[in-house]
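Hey, can you work out the whole structure from these sequences and the hints?
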Amino acid sequence: MKNSIKQLAQLEVQMGSSLNLSAREWNQFSLAMTQVASSFEAFARKNLPKGKISVSLHLCGKAKIRSLNREFRKKDKITDVLSFQMQDNARELKVWPLPQNHLGDVFICREVAISQAREFKISEQDEWIHLAVHGLLHLCGFDHEISAKEEAIMQKHEKQIIDTISKKRKQRK
0 MKNSIKQLAQ LEVQMGSSLN LSAREWNQFS LAMTQVASSF EAFARKNLPK GKISVSLHLC
60 GKAKIRSLNR EFRKKDKITD VLSFQMQDNA RELKVWPLPQ NHLGDVFICR EVAISQAREF
120 KISEQDEWIH LAVHGLLHLC GFDHEISAKE EAIMQKHEKQ IIDTISKKRK QRK
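Per numbering that gives the first Met the number 0, the very first residue in the sequence shown carries number 0; after that it's consecutive.
For the record, the hints were derived by calculation from the structure and aren't laboratory data.
The C-beta atom is built at its ideal place from N, Cα and C for all residues, glycine as well.
It cannot be assumed that every hint is accurate.
Unchecked claim - In silico lysine to aspartate or glutamate, EDC-like type, Cα no more than 20 Å apart, as pairs:
hint, residue 1, residue 2
1, 76, 125
2, 61, 75
3, 74, 144
4, 45, 157
5, 51, 11
6, 169, 125
7, 73, 144
8, 158, 40
9, 63, 79
10, 167, 157
11, 155, 125
12, 158, 125
13, 166, 123
14, 63, 11
15, 61, 11
To be verified - Computed Cβ-Cβ distance ranges for the label pairs, DEER-style:
hint, residue 1, residue 2, range
16, 19, 115, 17 to 25 Å
17, 150, 26, 19 to 27 Å
18, 169, 71, 33 to 41 Å
19, 154, 27, 20 to 28 Å
20, 2, 120, 30 to 38 Å
21, 113, 168, 33 to 41 Å
22, 150, 72, 14 to 22 Å
23, 120, 169, 14 to 22 Å
24, 61, 121, 38 to 46 Å
25, 74, 9, 31 to 39 Å
26, 155, 115, 20 to 28 Å
27, 22, 75, 17 to 25 Å
28, 115, 50, 29 to 37 Å
29, 169, 69, 20 to 28 Å
Next up, the structure:
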């Protein structure tokens, strides 16, 4: 099991994996999630109530994601990402109910992410970033399954956050 915590000004991100990852793969995942955290924090400052928040990002296997999907969504199948909100509709809150607020947990299926990265001809890191951003937006109360309008709003935010990450990565090169 691997774990780490990244503390930013307003956002604490706990990262974990119960998988037997190589040091290289864990470092790539941690770097990708740190990049997500930095850009998501900027998004949260603009779109969520002021105050400290925390999220947990987990990299898991097919069995775990299927089990979670079956137990909590009543869907007995493997999926790429699952989000579990601790705050209903965080984006609609005016103030947080507690001083330290945990938005929830995001679970990313390693095997599905790798498969999708190959399918979309992108790096595994880029797919992890996309899935993490997608999951984090669900924690904020966005839901692409509600309506086409809500899907467009969520996709717009996904693109903005991912574009910010891409720009920062290019500046480092």
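Straight-line alpha-carbon gap residue 51 to residue 11, limit 20 Å: Cα-Cα ~8 Å, so holds.
Residue 61 paired with residue 11 [C-alpha distance capped at 20 Å]: violated, 27 Å
Straight-line alpha-carbon gap residue 158 to residue 40, limit 20 Å: holds, 15 Å
Proposed proximity, residue 157 with residue 167 (alpha carbon, max 20 Å): holds, 16 Å
Pair hint residue 63 and residue 79, alpha-carbon separation not exceeding 20 Å: Given pair residue 63, residue 79 holds - Cα atoms ~11 Å apart, limit 20 Å.
17 to 25 Å as the expected CB spacing between residue 75 and residue 22, which holds or is violated: violated, 34 Å
Pair hint outcome, residue 73 versus residue 144 [Cα-Cα no greater than 20 Å]: Answer holds: residue 73 to residue 144 is near 16 Å, not above 20 Å.
Restraint check for residue 74 with residue 144, where alpha carbons must lie at most 20 Å apart: holds, 15 Å
Distance restraint between residue 61 and residue 75, which requires alpha-carbon spacing of 20 Å or less: holds, 12 Å
C-beta pair residue 19, residue 115: status relative to the range 17 to 25 Å that was hinted: holds, 21 Å
Whether the CB-CB distance between residue 155 and residue 115 falls inside 20 to 28 Å: Since the Cβ atoms of residue 155 and residue 115 sit about 21 Å apart, the hinted range of 20 to 28 Å holds.
Consistency of beta-carbon spacing, residue 9 to residue 74, with hint 31 to 39 Å: The hint (31 to 39 Å, Cβ to Cβ) holds, given that residue 74 and residue 9 are roughly 34 Å apart.
Hints 1, 14, 15, 17, 21, 24, 27, 29, counting from the list given before, are not met by this structure.
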